[in-house]
Amino acid sequence: MAGKGRGVAFTFNIEALGIGRGSMPEARVGPSPLFPTIEFKPVPLKAGEDEDYMLALKQEMRGTMQRLPHNIKTPTNKAEVEKYTERYLKLKQIEDEDWTPDWNLFPKELMPQTKKRQVKKGTKKKTVKISPKDATEVLNKLDELAKTDDGNPEKSDDETEKKPGNEDGEEIEEEEYEEEDIEEENDYIESYFDNGEDFDAGSDDNMDGEATY
Amino acid sequence: MPHLEPQQRAGAINKLLSLVSLRTWKMKGSDNQEKLVYQIIEDAGNKGIWSRDIRFKSNLPLTEINKILKNLESKKLIKAVKSVAASKKKVYMLYNLQPDRSVTGGAWYSDQDFESEFVEVLNQQCFKFLQSKADAARDSQQSPMVQRNSSFATSHEVWKYICELGISKVDLSMDDIETILNTLIYDGKVEMTVIAAKEGTVGSVDGQMKLFRGVNPVLQPTGLVKTPCGLCPVFDDCHEGGEISPSSCVYMSEWLEF
Amino acid sequence: MTAQEIRLCGLLLREHFGEVVEKVGKHLLGGGAQTLRGIAHETGLPLDLVKKTLCVLVQHGACSFTAGRKGPGSPAEYWACCDRILRILRYPRYIYTAKTLYGDTGELLTEELLQRGHMTMSGLVKTVADRLTQNMEEGHSVDYSEVSSTFSKFVETRFLQRCPPPVRAAQTGGGAQAAPGAAPAAPTGAAMLAPESFPDCYEVPRVTLVGRGKRQLAPEDGEEQRSAKRAKMDPETHGDEGIYWQVNFERFHQHFRDQAIISAVANKLDQTSSEIVRTILRMSEVTTSPAATCTKPLSANEIFRSLPASYNISRPTLDQYLTLLADDPMEFVGKAGESGGGMFVVNLHRALANLARATLESIVQERFGSRSARIFRLLLRKRHLEQKQVEDFAMIPAKEAKDMLYTLLSQNLVQLQEIPKTPDFAPSRTFYLYTVNQLPTARMLLQNCYKTVANLIERRLFESKESKRLLEKSQRIEAILASLQASGAEPEQLTEVEEMITAPEKQQLDVLRLHVNKLDSAENQVDETIFLLESYISSTAAAPT
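Protein chains in written order, with the numbering used here: chain A, 1 to 213; chain B, 214 to 471; chain C, 472 to 1016.
Keep in mind the hints are simulated off the structure, nothing from the lab. Glycine included, each C-beta is placed from N, C-alpha and C at the ideal position. Take these hints with a grain of salt, some might be off.
Unchecked claim - Covered stretches of chain A, as calculated for chain C (at least 3 residues, CB under 8 Å):
#1 32–46
#2 55–63
Stated by the list, open to error - Calculated pairs, EDC-like style, for lysine to aspartate or glutamate (alpha carbon to alpha carbon, straight line, at most 16 Å):
#3 C/K936 x B/E453
#4 B/K346 x B/E330
#5 A/K41 x B/E470
#6 B/K402 x C/D799
#7 C/K570 x A/D102
#8 A/K41 x B/E467
#9 B/K382 x B/E330
#10 A/K73 x C/E486
#11 C/K939 x C/E1005
#12 A/K73 x C/E490
#13 C/K870 x B/E330
#14 C/K570 x A/D50
#15 A/K46 x C/D991
#16 C/K853 x C/D874
#17 C/K767 x C/E756
#18 C/K853 x B/D400
#19 C/K685 x C/E756
#20 B/K295 x B/D313
#21 B/K280 x B/D313
#22 C/K870 x B/E328
#23 C/K570 x A/E39
#24 B/K292 x B/D256
#25 C/K570 x A/D52
#26 B/K289 x B/E330
Okay, chain A solo, but in the shape it has when bound:
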């Protein structure tokens, strides 16, 4: 945007303005302080019922959004957090349904490639055609990803049910995660080439699933 004035070399002769030489701001002796003293102080913030309420709304909104499935946790960050803290914090997590996007509104390519997971009891839908090898690989990956992602309420139904058993194994999986990243890279290339096929084969209709995040 607009160029800032600080230290700008003027395109004109400053002296011709009469602001040259002696009338320039006092020449500095020695380095200037990092934070020069300022003449004016900020005006006090407005305070009142409206302001207090909006402050509360802001903080509540931030808190809620952090606990919603739309807040995607960084898997690698998890290791830093003490487990016991997490367990208690989990109590505060929104007990919420999984987030199931309406795939009519999203590009189909954004559906998670988790064939099995998409199948919910009682929902009629066809599966995406993925080569068996591909599918298992992806599945494994997602499983592990999801586990590492502990403390995060967005999980598929199967995942939630499995949870109690998962917690003990958590530590090991975190260590494994590094390797996984590399695998992911390979997977990315593979699926990149596979993908065109996916889309050609899987027409709109058989992708009308209920894939859940």
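Given chain A, put chains B and C in place with the hints provided.
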């Protein structure tokens, strides 16, 4: 005047002297150069002339001019006046002339120094007058139109009020007061309307009259200036991770503690 | 997209959607339209994570997509909507406004929609009814129909609107094609079809929704509750599946603008004048398009009939007020004709320009003092002035005026124009004219506002990080206390746990809370400056109607 008798000559001279001034007599001893410089200064009128310009016009060396100027000054034929247009610059004019406003700066200058405090005091007093008028109008409970109209003051009214206050050592003209009222407009505190006035109405000029009134600001100070960043002198140098950053900012710390 | 906008968007995304979304969002903001593969490759994030992230962004309108832009069959491209992301900063104000307009129900409807991005009417009504019921005394509950009717009113006044229906071509991701030319040529906001271009935009669907809000079970029954929830989610059709609703930000902004004008009139003139302007604006809400320069002309007769009786304004008094409003130099109200006792409009764009000007003046005033502000206002009014003229008009001594002009110039609040008298551009034969350009100055200060909010967020994150251990400890203790209380523990036991936080620790926490509150409040209040400047800037871009 060689054909005249000395007596006649003396009589004529005496007559002239009484008519014109003393200057011819005083000039008696001066040479042509002095006359030339004098002439140039006289032509400059009450705006005066700078010594360097005298040099250009007379083509005399500066040292010579300085000598002449000194001489003329000592004879009280001319005087040096400091000009407000440029500090440390003296202009010369005939001794008996009243310097022009452009040289003295008018009421706002005392000895070529701009009396800033004087201006600000007048600015505040004028505003106080207009504000009290607006307050009285509001409290009058009259119809909205009457309220508005009675909140206005003419420049003449303001002028009269200031004169009666007696805070000014010098005589202020109505123009002077309007200059002050204009600064209040630029302060965003006063509005001006021009209305047609009947010929001869007090304070009207060319059938027009200026009306002033105090007004309230439309906005409270805006949100930005309620933060230290809104006033920060090193705002553009600030970035996270830098020497000046939001985390290390002392203005921010001070503000948070307050 | 400026660096400041990207930085602020990034922080807002991080705080509300996490760091992964921040990373992808910033990548999109900086790099323009990109494909899924491209994003995954360049961010180095796992593909599945990128997919999920894009879903979150699309769900919240923070990202748009289109397919086949580079020819038939080309993959979908995604781009971020900077404006939409910046709106997160204004969420508290939308919610609060909804509360003032439609009470607690309005508040929760807006809050839920903002949290979820978009929802169906049935889903929203049920969630809000549950939440309202939760806050009621035991044995009371809210009927779905009550919430539905507030929802309908909200839609009627256009604060909520339907999401535009999905574009077939876009969502097939390279499968089916859009008709040539139908796909947007450039990935800009304009590429998205405006919700208002669909006839059903404000059409409330027929929903079969019978029942009352349900109270959530006590937290210790977590597992049961889960299954209960799931049961509730079982396919139950309400007849509005696939019809999604979103917050109509434009409408809220129109409301904010009107409020700003009303309060400016109240400040400048008086309460009664502002109530008259409020009436005119309310009458114009439906007849005037949001981008219009001024409201549709209304006669004094019509205005008089619409004035709430409680204002107690007689017809002759109204005429006086209208005349005074039209006379006022701020020009909030204009006279558009003589019929019907005089025709009046509210000059919306003029009002915004004047409010923006007052904002600029206020910034200079508070930052550089009243005499610099005098110079600034002088230049705003007189356009071009030489330094000497500035000194004379502002009555400020030469040296001070020079210093002030230099400071304003160095901060880009004042510009300098050179007008050479001779073609050789010799400085001695050049006029130097000082000037203030309102629009570019407003743009610059808007950027400063974005940077300021980002700074406030960074500082808040820093303060919280400094006390991270302590915060975690207190959260832990609170959690323990809660579970102890629930299990009916002895009071001594509770005190014992409470005392795990020492007095100095408690003090430190209080200080932190104070700091966080101050920084958060400041964010809210800077957004008011942002709103005014943004509205003014966009009003100058809009075609006059």
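field: Hints breached by this structure
entry: Failing hints, ascending: 4, 7, 11, 16, 19, 21, 23, 26.
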